[in-house]
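There are 4 protein chains.
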Amino acid sequence: MQEFEIGRAKRGRRAWSFDDIAIVPSRRTRDPEEVSTAWQIDAYRFEIPVVAAPMDSVMSPATAVEFGKHGGLGVLDLEGLWTRFEDPSSLLAEIASLDDAGATRRMQEIYAEPIKTELITERVREMRAAGVTVAGSLSPQRTKEYFKTVVDAGVDMFVIRGTTVSAEHVSGQAEPLNLKEFIYELDVPVIVGGCATYQAALHLMRTGAAGVLVGFGGGAAHTTRTVLGVAVPMASAVADVAAARRDYLDESGGRYVHVIADGSIGKSGDLSKAIACGADAVMIGSPLARATEAPGRGYHWGSEAWHPHLPRGERIQIGTSGSLEEILFGPSVTPDGTMNLIGALRRAMATTGYTELKEFQRVEVVVQ
Amino acid sequence: MQEFEIGRAKRGRRAWSFDDIAIVPSRRTRDPEEVSTAWQIDAYRFEIPVVAAPMDSVMSPATAVEFGKHGGLGVLDLEGLWTRFEDPSSLLAEIASLDDAGATRRMQEIYAEPIKTELITERVREMRAAGVTVAGSLSPQRTKEYFKTVVDAGVDMFVIRGTTVSAEHVSGQAEPLNLKEFIYELDVPVIVGGCATYQAALHLMRTGAAGVLVGFGGGAAHTTRTVLGVAVPMASAVADVAAARRDYLDESGGRYVHVIADGSIGKSGDLSKAIACGADAVMIGSPLARATEAPGRGYHWGSEAWHPHLPRGERIQIGTSGSLEEILFGPSVTPDGTMNLIGALRRAMATTGYTELKEFQRVEVVVQ
Amino acid sequence: MQEFEIGRAKRGRRAWSFDDIAIVPSRRTRDPEEVSTAWQIDAYRFEIPVVAAPMDSVMSPATAVEFGKHGGLGVLDLEGLWTRFEDPSSLLAEIASLDDAGATRRMQEIYAEPIKTELITERVREMRAAGVTVAGSLSPQRTKEYFKTVVDAGVDMFVIRGTTVSAEHVSGQAEPLNLKEFIYELDVPVIVGGCATYQAALHLMRTGAAGVLVGFGGGAAHTTRTVLGVAVPMASAVADVAAARRDYLDESGGRYVHVIADGSIGKSGDLSKAIACGADAVMIGSPLARATEAPGRGYHWGSEAWHPHLPRGERIQIGTSGSLEEILFGPSVTPDGTMNLIGALRRAMATTGYTELKEFQRVEVVVQ
Amino acid sequence: MQEFEIGRAKRGRRAWSFDDIAIVPSRRTRDPEEVSTAWQIDAYRFEIPVVAAPMDSVMSPATAVEFGKHGGLGVLDLEGLWTRFEDPSSLLAEIASLDDAGATRRMQEIYAEPIKTELITERVREMRAAGVTVAGSLSPQRTKEYFKTVVDAGVDMFVIRGTTVSAEHVSGQAEPLNLKEFIYELDVPVIVGGCATYQAALHLMRTGAAGVLVGFGGGAAHTTRTVLGVAVPMASAVADVAAARRDYLDESGGRYVHVIADGSIGKSGDLSKAIACGADAVMIGSPLARATEAPGRGYHWGSEAWHPHLPRGERIQIGTSGSLEEILFGPSVTPDGTMNLIGALRRAMATTGYTELKEFQRVEVVVQ
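Residue numbers (the numbering used here), protein chains in the order written: chain A, 1 to 368; chain B, 369 to 736; chain C, 737 to 1104; chain D, 1105 to 1472.
These aren't lab readings, by the way, just hints derived from the structure by calculation. Treat the hints with care, since some could be wrong.
[As the list claims (entries may be wrong)] Lysine-lysine pairs mimicking DSBU-like chemistry, simulated, CA-CA at most 35 angstroms apart:
{"no.": "1", "chain 1": "A", "residue 1": "K180", "chain 2": "B", "residue 2": "K726"}
{"no.": "2", "chain 1": "A", "residue 1": "K144", "chain 2": "B", "residue 2": "K726"}
{"no.": "3", "chain 1": "A", "residue 1": "K148", "chain 2": "A", "residue 2": "K180"}
{"no.": "4", "chain 1": "B", "residue 1": "K726", "chain 2": "B", "residue 2": "K437"}
{"no.": "5", "chain 1": "D", "residue 1": "K1284", "chain 2": "D", "residue 2": "K1248"}
{"no.": "6", "chain 1": "C", "residue 1": "K880", "chain 2": "A", "residue 2": "K358"}
{"no.": "7", "chain 1": "D", "residue 1": "K1284", "chain 2": "D", "residue 2": "K1220"}
{"no.": "8", "chain 1": "D", "residue 1": "K1462", "chain 2": "B", "residue 2": "K512"}
{"no.": "9", "chain 1": "B", "residue 1": "K548", "chain 2": "D", "residue 2": "K1462"}
{"no.": "10", "chain 1": "A", "residue 1": "K116", "chain 2": "A", "residue 2": "K148"}
{"no.": "11", "chain 1": "D", "residue 1": "K1284", "chain 2": "C", "residue 2": "K1094"}
{"no.": "12", "chain 1": "C", "residue 1": "K916", "chain 2": "A", "residue 2": "K358"}
{"no.": "13", "chain 1": "D", "residue 1": "K1284", "chain 2": "D", "residue 2": "K1173"}
{"no.": "14", "chain 1": "B", "residue 1": "K437", "chain 2": "B", "residue 2": "K512"}
{"no.": "15", "chain 1": "D", "residue 1": "K1248", "chain 2": "C", "residue 2": "K1094"}
{"no.": "16", "chain 1": "A", "residue 1": "K69", "chain 2": "A", "residue 2": "K180"}
{"no.": "17", "chain 1": "A", "residue 1": "K116", "chain 2": "A", "residue 2": "K180"}
Quick caveat, the model's predicted, so the values are computed rather than measured.
Chain A with its partners taken away, still in its complex shape (with noise of 0.2 angstroms):
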């Protein structure tokens, strides 16, 4: 670990993004043919090591229930806009007409509408209808109120996703949620995150979690550095969550649990970068939205873009570069990193002689 001192009352550390980062080819390669992307979590096999980030501008029951038979994790927002309304058509076109000046206090006033829990429920049946794997994703702070109902409405996993979860949540106003508790009282896996720590991810993993999500998510499209002075250099954060996987494999007599990163990965190398830090699965936002199918209409936002009082993020236009398959799987069209994700991550672990996500995560890199 290498240290700096600041100043001679304060050390820190230096981290890294991926940005920082690149991987080297070293050895032998390979067919990328003979690459398989597939990941298993749980009872759950999936072709694609992603899970679509739970952001309405990325995730309705439609894109979700896509998403699934395209082999990867589609996780709806159980509280945004579906939820809010019984059909959010509308205001997702509007959201996409706003201009720049106005958008976050619209949006603002737009989310201000009430959640339906029989809204939940309802979205849930929608998706379990198609036959794919169901996920829904609720806040740290609404868990309690509405995990019951979501539980109830039959999902398969379950994601708690907040900017920063700890597993010690301390609250003097309300008894906060014990998440050791209630993850292992619950019959159906969690993923809960984001972490940006070896000490975060270990105690998130000792609630019982599944996964755990590594960053903040919404890369593209949140702004938590400047305004909280908050921020998670990506490749860092995610080698080091892998580290405490690894020692809580040991601790725990055996139990792996996934490390998820989410944030910063923008463009199909970032996804491959993830991986080679560690990474079993990325969570990933602002490239689905890209595609034609998104709800956003070629615009993204996150849930801190709308925060009643303090917004971390912008509504971002991304624009529409391919359908969902193609964004996917090819063929792309343009050489920017933004179609043809998996094929891109096929390719670099063929470059580099990799045939399995497990061995991948080895690769070299240097920092530049």
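Guided by the hints, dock chains B, C and D onto chain A, whose structure is given.
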């Protein structure tokens, strides 16, 4: 301490700015509502650890009062427009209407008007009448000439602020201000600076000051680095001076001198980082110059900008983003770190599990 | 070797690009006229240490011949337009006239035309007729299929060029090219690459190659870093492979395998730096694409740009700066490093006191 | 010394430019009025430590005289327009009116005019008549041919200035200038350079030179890094050569050879940094080219810009900011470091507590 050989005959230490670092959440989280941002210096308690910079674009008697009512410490520049002119309103309007090319020259003319002692007295009385903690600032060059007027007028705190203030100024032309004698004789607590190093800060602490300003102030608006080659990377400077505070506390048998970061704090994230590096409070200008009430009318400048011979700063257009209250406490309608400064600080503290500013000085940071 | 901990579970080596370094004059100076830029590989001697990249925007049979007459080694891409079409002139003109948005898609269509073996034979004969050293390139994927045609047609040197070529390609679908057997059986000397590391280069050297290409080629025009996350910082790669050359020289009892830098050489200064890092010669594309004679007509692209499923490069507008002769030998009328490449190399060598390329590999460099 | 492994076969030292460093105030402060900027070299004393660069955009006989009257040392380029043409005024006007595209080519034509010895004599006499210290410069290539004319014409100081000048130039074509013999035989003190390293400077000092130029000159206007790959990070170069001065002082038993930083000094802050790194004085071009009196009429170029075969610099538009007096001594009306250079130097010294240039070489700097 990391030191480099610049060349065979010169070594230099590695120093870091706020932009080089980030706060990392690494343990429990808390509710933002349980966080306290209270700050006490000498007999005065403030609800927010923020001192408004004595700059004409930020502080008028009216905004100083308003800032005090919001829980901070407003400081009026007693060598600015308000003590040179009976009513500077039209001049403030003129400055906001100048084109860039001629702005420096015209400001040099306006500020050539002499300071009037009776206006110093009058301004302080205006502020006292409002019932807030009253503070005014002088430059070290003019402290001897005007301090008696200032103290007699009845300030609660006295600020001596220059680009660099040393406890041992040497002058052959006039008897220099002996800070040590001066401060010990004064009845009101003194905040003095800027300074940039452990040694310089330690000497200032020994003068009896209640607080020291770290940095050169006016981050967004001055160009000292370009003009003089002199710069203070703020993260390192604050962390060095925090060590001086600790060592002086021991040396003095218990005098706690407050460290106030003054410079490079443009966004709410910088405010959090300043405290993370060891500051007790911050002095800010540009974030407050964006208030609708700010005398600068969307423009911002420091006293370096109108130096008659060697201007080292510019009048910059900074825009207006909301009321002073919104800038401090939100709600924010823009995710760029210019609104809800205190809400952002609370959330940064809560996200990293701290409830008191003094503890938050220990939060983990990374270098990126 | 400087290695960093990226995170607890991952380490990465610090690597440098040409932009990160600079040559420093540190001893005697010499007359540029006394400098030799001669380069000999196998039985072939060249007056300039430059291989023209097998890219359709750079090399046609005619420009390969012209380049050879200027003292370098021209290489024709035997999988490009000239072996797919009887007369590709109109297609080259069309590519130069495409708008950016549709360029990748249209190029994918054009290059879908099959390769004709009779055109391979014809192109090689055209070049032989001109009396220069004749070289053609194939990708590793197609070497087995076409090499016999190429050799029978009568090339002097054979280039196998792919993004990453390993001596141990593993394939389950088809029997892969066994480079070692293949090269030893061949009568013509082989240049093979790219490679990026000491180990990969050493393995390529052991196949019997006369030269290895270091890097991915096509610096200015491809986006492998963004798409795959894979990158080769060239200064480090060249210096690593130069060490492999030295070690293989010892291991083999005297076989000197040439190191040819292939990538990130956009300006004349990069050419000097490549040799300073240990290269014997360079393969360049974009500087030659600027010639008035270049088939690309001011545009430049590599074979990655028209990959049918995963394009990793773009057709970029590069402009035209002078004749091929002026680009190589001046006179230059623009001080941006795009003209008089060899004059610049001579001057860099003279300024630092070297008269032979082999010695110039030892010149002092700094990291900035 | 910090050295990196660039790759297994190459190491390179870390080097720093002025932009990488900053001066830090760390002790007492002083009044700017008590600061002396006097500089003495050989028998000549100057009130300011500034040598005006021998460039046609900066120095005419008239501006050399004016610069001398302001306390500095003006140097006329004796291979420039003033010794090629009886009256170059119209050509200077033409150069200022050329469009960018054709500027290099037209300047190559203009400077193709031969040098006339009688004009050398005439120009020196013009300057002598004004009573200032007279200095002229030749390139190393032409020193042998013209120096006698120059000395006979009566210069006080003689400058030999090239991109890189070594004490041991090797040439097979003509007998090279033996600097050591040449300088010892000459009656007038010689300033010679550029050089970039400790060793090169030490050799130049041993030739008997009164001063050495460190760097390549013409920072703002040349592109040697791009064209040749050769660069001199100035902070490191000056600090290295300052060590050579100290060691040569010992070796020679007391000869103090002046170190004159020549390059990358565009703003007043760079001037302070050059001295902070150990320079005794600076040679500057671009800051003076901004004078209303400058022959370049708002344009600036060096002799690299019109090299007939390999131009390595550009004619750049630099604008006009004030009279020569205002640029040197203010008052400044722009806070960008282009005016009141000496006032800024004084303030940098005062802020850090120094009154003499020689002491200011010890000021603390940080790397950022």
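Which earlier hints turn out false for this structure, listed by number in ascending order? Per hint list: zero violations.
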